[in-house]
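**Student:** Given the coordinates of chain U, assemble chains W and B onto it according to the supplied hints.
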Amino acid sequence: MVEYIDSIGTLVFAISGALTAIYKKLDLFGVFCIAFVTALGGGTLRDILIGNTPVGWMLDLKYIIIIFIGTVLSILFNIYLEKLRISLFLFDTIGFGVFTLIGIEKGIEKELHPIICIALGTLTATFGGVIRDILCNEIPVLFRKEIYATLSILGGVLFFVLLSCKLDMDLIYLLSSLFIIAARILCFKMNWSLPTGSAFVKK
Amino acid sequence: MVEYIDSIGTLVFAISGALTAIYKKLDLFGVFCIAFVTALGGGTLRDILIGNTPVGWMLDLKYIIIIFIGTVLSILFNIYLEKLRISLFLFDTIGFGVFTLIGIEKGIEKELHPIICIALGTLTATFGGVIRDILCNEIPVLFRKEIYATLSILGGVLFFVLLSCKLDMDLIYLLSSLFIIAARILCFKMNWSLPTGSAFVKK
Amino acid sequence: MVEYIDSIGTLVFAISGALTAIYKKLDLFGVFCIAFVTALGGGTLRDILIGNTPVGWMLDLKYIIIIFIGTVLSILFNIYLEKLRISLFLFDTIGFGVFTLIGIEKGIEKELHPIICIALGTLTATFGGVIRDILCNEIPVLFRKEIYATLSILGGVLFFVLLSCKLDMDLIYLLSSLFIIAARILCFKMNWSLPTGSAFVKK
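Residue numbers (full-length UniProt numbering), protein chains in the order written: chain U, 1 to 203; chain W, 1 to 203; chain B, 1 to 203.
Just so you know, these hints were derived from the structure itself, not from any lab.
Incorrect hints may appear among the rest.
[What the hints assert, rightly or not] Sample of chain B residues lacking proximity to chain W, with all beta carbon distances greater than 12 Å (derived):
| # | residue |
| --- | --- |
| 1 | Ile94 |
| 2 | Ile116 |
| 3 | Tyr148 |
[Unchecked claim] Think about it this way: if two alpha-carbon atoms lie no more than 30 Å apart in a straight line, the pair counts; the simulated BS3-like pairs of lysine-lysine are:
| # | chain 1 | residue 1 | chain 2 | residue 2 |
| --- | --- | --- | --- | --- |
| 4 | B | Lys110 | U | Lys189 |
| 5 | W | Lys110 | W | Lys24 |
| 6 | W | Lys110 | U | Lys110 |
| 7 | U | Lys25 | U | Lys62 |
| 8 | W | Lys110 | B | Lys110 |
| 9 | B | Lys189 | U | Lys166 |
| 10 | W | Lys24 | B | Lys189 |
| 11 | B | Lys25 | U | Lys24 |
| 12 | B | Lys166 | W | Lys62 |
| 13 | U | Lys110 | U | Lys62 |
| 14 | B | Lys189 | B | Lys110 |
Ideal Cβ positions, reconstructed from N, Cα and C, are used throughout, including at glycine.
Isolated chain U (complex conformation) (with noise of 0.2 Å):
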């Protein structure tokens, strides 16, 4: 089922990505780069980090096909997508929680300790939204990731602290992504966001 799920993260991220090019006027050729690395620059960094060689997009050609297939999609119905922004928030929110979940399973096969495990999830989780931010000059969206990226930590804690429980796998890894995907929604609704580092400076 992780599988599977990781399959519509991808595609998802990809959507979101070549959405973000397309805006910024992109070509066909940067529209398919910018989803490529939305999607994947995440769990690319992540086997580097980890020593994952070569990384695990080029050993299974399904990730290239999602995302090729999220290009056109994009391409072709970018203006139906946009009105659908609210789903595609789903998705993305989805593929969000699946991704930390499926970088801590890759630090556990590699035996790291819990805490870097976690950092792997999120690095998973958020890196290839940086990226696309990088390279399509979108300053502010760093922000809000922030706020996210807590939200993957704490999920991946809640991981360990369910694991460490030995309670069933299925039911630890729908537990800790539907935490994330919840609190993802939460944080969206509310508008709420970090407290900065300088608010803790006595004027």
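**Tutor:** Frame of chain U, contents of chains W and B only:
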């Protein structure tokens, strides 16, 4: 012969990077650094992604020496090189074609799928220039690059088509690189570019 | 002893990054991230390039803990730390010298050529600061860095000269790091910089 053209490609890419850095008024060390990333950035990213570590230029001092020579030449003769801009474009284009084929070759060595090999070839040929542009804050060049990237992909496709025809390897290398070089010169002369993703949007 | 100074270097680089992020009004998570990449960015890139994966900080939690402490200290005491700017510069310079030698050591372990080892040392010492500046949009610091990078290279050359004299290893480490530290303080005091590449152009 590929070995020999590899060195020419490195030299010309280094000169192209160094000239850009000189116009941006970077200091001597900065000029060398930009020359370095322009010439070796693409190959380095490729080696990291496929797990070829330590990366290529660490195991053969030839590359650093060539880049050093390219930097010194650029600093001493940058006014004359400017007048040679057309010959430089030609060399740069030769490097572009050869770097594409070197990237494809590395992918085949790792037994990766042809589509991934083509992606590696394009990456090797274009990524150095992308880093150069990011570091030097030159945005417009990215767009020009993207049609070039497409040519690199087409050249890669031609490579595998010829390969499936079981032609002689030297001939395959020669034909695919000549195709990329000729196509790039043609695009430059005709001032061709790819349509933007938003060209398909109904207003 | 190197182990011990390594920790001090990490702490001070983290504080330097955190302070920059606080002034840029990033949120708490952003401050931690900038502290992290400033302290570990150079070593991470070095480990990726030479194939030391999973990269160093994933195998020893010490680094994350130190950076966390540095971030908390910076947030709580950033006004007082500001007054300590000179002591911070001193610590930062010590870190700079030590990180150079750690990078060289890693290259020697991989049996790379001395020139490559020196490049790895310089990368380890400077790349964290370069990422910090890119992420925080602080361009001018890059130029100042470049004379520092040159000092790191000179220190690396001194290291291998002393090594070829078959001096005691501890003495070699001490002398080369003292050289880098003293030279950097001198350059800072005298406000020295490298000539630009265009200085050699005849007008």
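**Student:** Kindly indicate which numbered hints from before are broken by the structure, ordering the numbers from low to high.
**Tutor:** 2, 3, 4, 5, 9, 14
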